[in-house]
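Colleague: Using the sequences and the hints given, assemble the complete structure.
Residues per chain, in single letters:
4 protein chains.
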Amino acid sequence: MSEKKKRFIAVIGGGECSAQEAEMAEAVGRELARRGAILVCGGLGGVMKAACKGASSEGGVTIGILPGDNNKEANPYVKIPIVTGMGYARNIAVVKSAQAVIAIGGSYGTLSEISHALQSGIPVIGLNTWSLSRNGQPDNSIIPAQDPTEAVNKALT
Amino acid sequence: MSEKKKRFIAVIGGGECSAQEAEMAEAVGRELARRGAILVCGGLGGVMKAACKGASSEGGVTIGILPGDNNKEANPYVKIPIVTGMGYARNIAVVKSAQAVIAIGGSYGTLSEISHALQSGIPVIGLNTWSLSRNGQPDNSIIPAQDPTEAVNKALT
Amino acid sequence: MSEKKKRFIAVIGGGECSAQEAEMAEAVGRELARRGAILVCGGLGGVMKAACKGASSEGGVTIGILPGDNNKEANPYVKIPIVTGMGYARNIAVVKSAQAVIAIGGSYGTLSEISHALQSGIPVIGLNTWSLSRNGQPDNSIIPAQDPTEAVNKALT
Amino acid sequence: MSEKKKRFIAVIGGGECSAQEAEMAEAVGRELARRGAILVCGGLGGVMKAACKGASSEGGVTIGILPGDNNKEANPYVKIPIVTGMGYARNIAVVKSAQAVIAIGGSYGTLSEISHALQSGIPVIGLNTWSLSRNGQPDNSIIPAQDPTEAVNKALT
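Protein chains in written order, with the numbering used here: chain Z, 1 to 157; chain A, 1001 to 1157; chain D, 2001 to 2157; chain L, 3001 to 3157.
Please note that the accuracy of each hint is not assured.
DSS-like cross-link-like pairs, simulated, lysine-lysine; straight-line CA separation at most 27 Å [unchecked claim]:
no. : chain 1 : residue 1 : chain 2 : residue 2
1   : L       : 3053      : A       : 1006
2   : A       : 1006      : L       : 3006
3   : A       : 1053      : L       : 3006
Hints listed in this document are in silico derivations from the structure and should not be mistaken for laboratory results.
Modeller: Rendered as structure tokens:
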């Protein structure tokens, strides 16, 4: 099967994260790989590393779109490092390269990725992440998930 | 006085906006120019155009950092068009070029700019714009303002 | 073997090209795949498509780093489409993601990629492509190759 | 007169340069300012700094489109610092923001800017800079100038 026909799913979240977030990210990565999806992420530590670790443990393909100038900054579970040299502008490529995004926790960088995804019409599934309201009205664009399996189910719908 | 010593303030918001938002943006632009600040924006329509119009009416300098390949896409009140050809990646340059950001209304593109600003430690003042909570806890990083004058006051603090 | 240990080689050249250039690109792609290298390119037509076709015919992995907003612009032989939405800024990611670059023919876009590679200290092997002189003195940084096999040999040195 | 009606001319060249190149760049900057053009550059040292110094000495407007995350990296003669955080991708914005480009000496970064300009159909005037040949045939797209005044004349044609 062509990998182009495969689903590309981005997993986003903090470069540093709690143990609970890492556990969720690893479970998400495992489940994506089991179901044949290709994992796209920002290639660094925290949630990104845990998700890549999970995917790798199931033999999945992991893509890390890096902000800096060197593929050595990739975490050890990234199989395909993309070196952009463009700093946080790479956040845009992370989400645009995916058919759906799973956000786990995360800080403002993650929020920028959520925003760019929603702006591009790419579904965002959230696990313990940001919620939004606009001018006082809740914006429910981020699809909530209760656990990693539900997140992956919703991403691969 | 060197313009480099001047304050650069970004005004962000929708490329389409309500009449009320346009009115606020125009007032913000006027007030920034009266106080000698240089206006930075994304250079297009809606809030960006209204802010540039206000600043221009007071003789202010207006910078429009454009997503496309042509300075003709700038609104007519942009004095300094910067042509990036980089699409939404230009959002990052809009906020990084400013010492503070004033967000007026806006959709996901504006939210991405808010996120990039907060990630870079640049203060964001909000007028009828997004509010955030993270993992169920309110994130009060966006500084609320009641009206254009208060927003400019807070941006120029 | 981890794909990260594999060599990533960029093949650059015109989005439109002569039949001879396409033939060379396809041979380069085939040879890279036979030798286990991963092909990185800009993902579009001409030299990029021919190189991907060659690599695919030998079961190789092909990465296309796209300028636009949609993976549908990728040629049909791209297995890993990276969607940047950043226009020609993606040229930088194409070369930075590689350990060596093979340039085949090409116009100014290709010349920009050659320049970015040389600026980053990434070797460039040339097949019927640009040659340079600086202030009247030849600059021999582009390593000439006589044919696709020699180009691949030099890229994988 | 609206500054938008003014001509924006990019001056490109090495971040380090010879005394002779600095003298030429300063003369180019002065002449551009005398003739009412706005100077666009990469905002750093060498040719960029000398050109900004020349333009400033005649009261000209100088724009520096910076690669890093901080306007403090701008040379002291930059009046309008644009902070991109995108590394060398900012080279593209430097040339796209101009109606013509004057290249003075320079290394591979300058060559990338020349390439991006020619790719975008923006005229490039050269002073002691790169010359090109493509597949063995000279490419005369870079318009030669003998001295700074001739370079400015050709840029403002």
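Colleague: Are the Cα atoms of residue 3053 of chain L and residue 1006 of chain A separated by 27 Å or less?
Modeller: holds, 19 Å
Colleague: Are the Cα atoms of residue 1053 of chain A and residue 3006 of chain L separated by 27 Å or less?
Modeller: holds, 19 Å
Colleague: Verify the proposed pairing of residue 1006 of chain A with residue 3006 of chain L, using a straight-line Cα cut of 27 Å.
Modeller: holds, 22 Å
Going down the numbered hints, you'll see the structure goes against none, and every one checks out.
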